[in-house]
Amino acid sequence: MTDFAKGMAQGLLSKIKDASSGKPMCFMEVCGTHTMSIFRSGIRKLLPREIRLVSGPGCPVCVTPVGEIDQMIELSLLPGVITATFGDMLRVPGSTYNLSEARARGAEIKVVYSPADALEIAENNPDKEVVFLGIGFETTAPSVAATILQAHRNKLKNFMVFPSHKLMPPALDVLLSDPEIDMDGLICPGHVSTIIGARAFEPVAEKFQMPCVVTGFEPLDILQGICMLAQQVSRGENMVENAYRRAVSWDGNRRARKIIETVFKPADARWRGLGTIAGSGLEIRKKFRQLDARRHFGTREKTVPEPKGCQCAQIIKGMALPSSCPMFSSACTPLTPVGPCMVSSEGTCAAYYKYGES
Amino acid sequence: MKASRVLIDHGSGGLATKELIEKIFLKRLSNRYLSRLEDSAVLDGKSSGRIALTTDSYVVDPIFFPGGDIGSLSVHGTINDLAMQGARPVALTLGLILEEGLLMEELEQVATSIASASLDAGVPVVTADTKVVPCGKADKIFINTSGIGMVPEGISLGADRARPGDMVLVSGFIGDHGAAIMTSRANLSFSSGINSDSAPLHRLVERLLDRCPGNGLRLFRDPTRGGLATVLNEIAQASRVRIAIEEEAIPVRAEVISICELLGLDPLYLANEGKLVTVAARECADQALEAMKETEEGKHAAIIGEIMEVKKASGPRVTIKTSIGGTRIVSMLAGEPLPRIC
Numbered sequence: 001m002t003d004f005a006k007g008m009a010q011g012l013l014s015k016i017k018d019a020s021s022g023k024p025m026c027f028m029e030v031c032g033t034h035t036m037s038i039f040r041s042g043i044r045k046l047l048p049r050e051i052r053l054v055s056g057p058g059c060p061v062c063v064t065p066v067g068e069i070d071q072m073i074e075l076s077l078l079p080g081v082i083t084a085t086f087g088d089m090l091r092v093p094g095s096t097y098n099l100s101e102a103r104a105r106g107a108e109i110k111v112v113y114s115p116a117d118a119l120e121i122a123e124n125n126p127d128k129e130v131v132f133l134g135i136g137f138e139t140t141a142p143s144v145a146a147t148i149l150q151a152h153r154n155k156l157k158n159f160m161v162f163p164s165h166k167l168m169p170p171a172l173d174v175l176l177s178d179p180e181i182d183m184d185g186l187i188c189p190g191h192v193s194t195i196i197g198a199r200a201f202e203p204v205a206e207k208f209q210m211p212c213v214v215t216g217f218e219p220l221d222i223l224q225g226i227c228m229l230a231q232q233v234s235r236g237e238n239m240v241e242n243a244y245r246r247a248v249s250w251d252g253n254r255r256a257r258k259i260i261e262t263v264f265k266p267a268d269a270r271w272r273g274l275g276t277i278a279g280s281g282l283e284i285r286k287k288f289r290q291l292d293a294r295r296h297f298g299t300r301e302k303t304v305p306e307p308k309g310c311q312c313a314q315i316i317k318g319m320a321l322p323s324s325c326p327m328f329s330s331a332c333t334p335l336t337p338v339g340p341c342m343v344s345s346e347g348t349c350a351a352y353y354k355y356g357e358s
Numbered sequence: 001m002k003a004s005r006v007l008i009d010h011g012s013g014g015l016a017t018k019e020l021i022e023k024i025f026l027k028r029l030s031n032r033y034l035s036r037l038e039d040s041a042v043l044d045g046k047s048s049g050r051i052a053l054t055t056d057s058y059v060v061d062p063i064f065f066p067g068g069d070i071g072s073l074s075v076h077g078t079i080n081d082l083a084m085q086g087a088r089p090v091a092l093t094l095g096l097i098l099e100e101g102l103l104m105e106e107l108e109q110v111a112t113s114i115a116s117a118s119l120d121a122g123v124p125v126v127t128a129d130t131k132v133v134p135c136g137k138a139d140k141i142f143i144n145t146s147g148i149g150m151v152p153e154g155i156s157l158g159a160d161r162a163r164p165g166d167m168v169l170v171s172g173f174i175g176d177h178g179a180a181i182m183t184s185r186a187n188l189s190f191s192s193g194i195n196s197d198s199a200p201l202h203r204l205v206e207r208l209l210d211r212c213p214g215n216g217l218r219l220f221r222d223p224t225r226g227g228l229a230t231v232l233n234e235i236a237q238a239s240r241v242r243i244a245i246e247e248e249a250i251p252v253r254a255e256v257i258s259i260c261e262l263l264g265l266d267p268l269y270l271a272n273e274g275k276l277v278t279v280a281a282r283e284c285a286d287q288a289l290e291a292m293k294e295t296e297e298g299k300h301a302a303i304i305g306e307i308m309e310v311k312k313a314s315g316p317r318v319t320i321k322t323s324i325g326g327t328r329i330v331s332m333l334a335g336e337p338l339p340r341i342c
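Here the protein sequences line up with chains A and B, keeping their order.
The opening residue of the first sequence carries number 1 in our numbering; numbering runs sequentially from there.
The opening residue of the second sequence carries number 1 in our numbering; numbering runs sequentially from there.
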């Protein structure tokens with residue numbers, strides 16, 4: 001970091017201090033990438049004591065319910081199926097075991113970095129059925145949709161997506177409607193906003209009188225976001241501001257949203273910790289149903305209770321800290337995670353564990 | 001007719017095995033010990049001092065990567081394990097497990113690479129073994145190398161010897177090997193231009209020990225799997241100290257930082273195969289740094305932090321001062337979502 005940037009950081013910190021002027025404030029960083037970046041740069045320790053940051057539901061792996069993980073494991077074990085997935089999914093515990101163990105039991109599971117890689121695997125393995133696990137928020141949905149369109153165009157018969165995408169604004173609405181949640185502002189997710197645009201947070205800001213700042217991921221971006229939130233609170237404002245203009249526009253990426261709309265339609269979705277939220281998921285449209293792994297294999301999600309004693313549900317809502325969970329760092333560690341927040345590198349518990357916060 | 005692939009016959013112990021040994025290995029690795037083809041190598045024991053002995057297995061995927069391959073890696077890795085104890089490497093063993101169907105051309109390439117790494121390091125392969133397993137029972141080629149070395153009189157190093165006030169040094173850019181392996185994996189469609197740092201470190205260690213005699217150098221560690229973060233944690237635990245490092249002092253290539261951001265990784269946890277970490281008494285630190293910078297392997301060396309008293313409440317730990325001025329804990333690697341890297 002240059003001296004100039006360090007000077008900026010100092011400047012922002014003193015502005016934050018001025019704005020909060022000793023008044024306690026609690027901001028939620030909705031996105032898991034923010035959580036990690038805040039820990040990595042040590043921002044918590046630089047902020048005035050009265051400013052508290054809590055982590056929200058912004059890790060797609062963490063909010064995937066156990067029943068769905070079980071379905072994915074079940075599919076992966078079918079003969080002739082190759083499962084393609086982002087690496088984070090491998091150690092997420094299902095009700096009995098995880099995908100990593102399914103692999104040890106003979107499932108063919110490949111870690112990919114993009115859905116396009118999964119498409120390539122399908123092209124190279126015409127005698128196998130390739131299922132891509134479509135996990136993610138609005139950020140990954142367009143590339144998965146584009147892959148589905150391409151598979152459809154190329155009449156690829158052996159490629160499918162297991163749709164498990166989640167949409168952020170409906171979840172925020174449910175979260176903030178919880179009377180137990182007391183938040184002064186939202187550090188809104190930068191990546192998701194590149195697609196949905198800063199304007200997508202307007203209803204939330206209005207309905208809940210909630211200051212919202214779309215924020216980037218570099219340490220200076222985050223300080224800037226926190227500064228703008230603290231200033232809004234001190235001025236009694238509650239509007240949507242965009243502190244990440246180099247990537248996010250007010251309207252977002254219309255083309256990407258169009259691709260999502262072409263392939264998916266909104267559907268109710270179950271979130272770990274938040275329950276079923278109307279219109280918070282994406283279902284593959286009928287036109288592309290042959291590419292829908294759920295329909296193709298006819299699997300049904302079973303309702304599976306959350307692991308006993310696991311507080312991920314509370315943690316996802318920002319209502320409990322990992323350290324208040326009795327299993328944190330004893331029964332539940334990144335190597336043997338009980339709940340999903342410990343698995344994903346962007347999970348709140350994993351971040352607290354890795355960076356030794358209590 | 002020369003087989004173009006490794007066959008089960010090549011592991012049978014019969015004529016095909018003999019041909020494989022002669023045409024592939026002896027042709028490249030021949031020396032007065034190996035060429036005798038006896039059941040064990042009998043080394044001339046002239047050196048005095050204590051004997052260092054190490055073994056390591058290599059199952060890297062892919063077997064060829066930018067800046068090296070499984071062959072050179074297996075030679076460098078074992079030499080480095082000896083060097084980290086201050087030993088002068090004397091000889092290596094070579095155990096190969098080959099998967100049926102491996103291209104003979106690839107095996108030749110690996111053997112050539114082993115030969116050139118061993119010649120370059122001046123450490124001969126003195127005894128070897130080859131087995132072939134059916135297709136699918138191994139992944140192309142697995143290599144085990146053991147190494148023997150002599151620790152000169154008066155050298156005593158150990159991870160438990162770091163003391164408050166000592167300085168922590170690293171011999172160059174970290175994360176190159178891990179980043180090179182990850183970007184060369186088949187399912188990544190971009191190339192990064194980053195080469196593995198795979199290199200033997202025994203000469204660097206010898207120079208350091210020459211230039212900083214006495215017990216000023218406390219230990220050497222090579223931050224392979226688990227990276228710099230894991231090695232520093234091991235030192236902190238063994239010596240019961242706190243290690244404070246500075247993010248901005250750690251040499252990391254800009255390309256490696258970019259790859260890490262793209263893949264969600266942290267350079268502190270990426271493997272290195274040609275770097276060492278040393279802890280030096282404060283009065284020796286500059287001299288050690290200078291000695292490293294004079295060598296090719298150590299020209300980007302840096303002092304990255306210091307050893308502090310352990311705080312009673314928190315116990316031994318590693319902390320990093322981030323570039324923005326915050327501090328955080330650097331924990332050990334706790335399992336990674338990506339496939340094996342070495």
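The hints are simulated quantities; they were obtained by calculation from the structure and are not laboratory data.
It is possible that part of the hints are untrue.
[Said to hold, decoys possible] Derived lysine-lysine pairs resembling DSBU-like cross-links, with alpha carbons at most 35 Å apart:
1. B:Lys-321 with A:Lys-6
2. A:Lys-17 with B:Lys-299
3. A:Lys-317 with B:Lys-311
4. B:Lys-293 with A:Lys-110
5. A:Lys-45 with B:Lys-137
6. B:Lys-311 with A:Lys-128
7. B:Lys-299 with A:Lys-15
8. B:Lys-293 with A:Lys-23
9. A:Lys-17 with B:Lys-293
10. A:Lys-23 with B:Lys-321
11. B:Lys-137 with A:Lys-6
12. B:Lys-293 with A:Lys-6
13. A:Lys-6 with B:Lys-312
14. B:Lys-321 with A:Lys-17
15. B:Lys-137 with A:Lys-128
16. B:Lys-311 with A:Lys-45
17. B:Lys-131 with A:Lys-45
These are the hints, each one checked on the structure:
1. B:Lys-321 with A:Lys-6: Holds, because 13 Å separates the two Cα atoms, which is no more than 35 Å.
2. A:Lys-17 with B:Lys-299: violated (43 Å)
3. A:Lys-317 with B:Lys-311: Satisfied, since the Cα-Cα distance of roughly 34 Å is no more than 35 Å.
4. B:Lys-293 with A:Lys-110: Violated. B:Lys-293 to A:Lys-110 sits at ~42 Å, over the 35 Å cutoff.
5. A:Lys-45 with B:Lys-137: violated (51 Å)
6. B:Lys-311 with A:Lys-128: violated (57 Å)
7. B:Lys-299 with A:Lys-15: violated (42 Å)
8. B:Lys-293 with A:Lys-23: violated (52 Å)
9. A:Lys-17 with B:Lys-293: violated (44 Å)
10. A:Lys-23 with B:Lys-321: holds (28 Å)
11. B:Lys-137 with A:Lys-6: With Cα atoms ~54 Å apart, B:Lys-137 and A:Lys-6 exceed 35 Å; violated.
12. B:Lys-293 with A:Lys-6: Given pair B:Lys-293, A:Lys-6 holds - Cα atoms ~29 Å apart, limit 35 Å.
13. A:Lys-6 with B:Lys-312: holds (32 Å)
14. B:Lys-321 with A:Lys-17: holds (21 Å)
15. B:Lys-137 with A:Lys-128: Roughly 21 Å between the alpha carbons, so the hint for B:Lys-137 and A:Lys-128 holds.
16. B:Lys-311 with A:Lys-45: Answer holds: B:Lys-311 to A:Lys-45 is near 18 Å, not above 35 Å.
17. B:Lys-131 with A:Lys-45: Roughly 56 Å between the alpha carbons, so the hint for B:Lys-131 and A:Lys-45 is violated.
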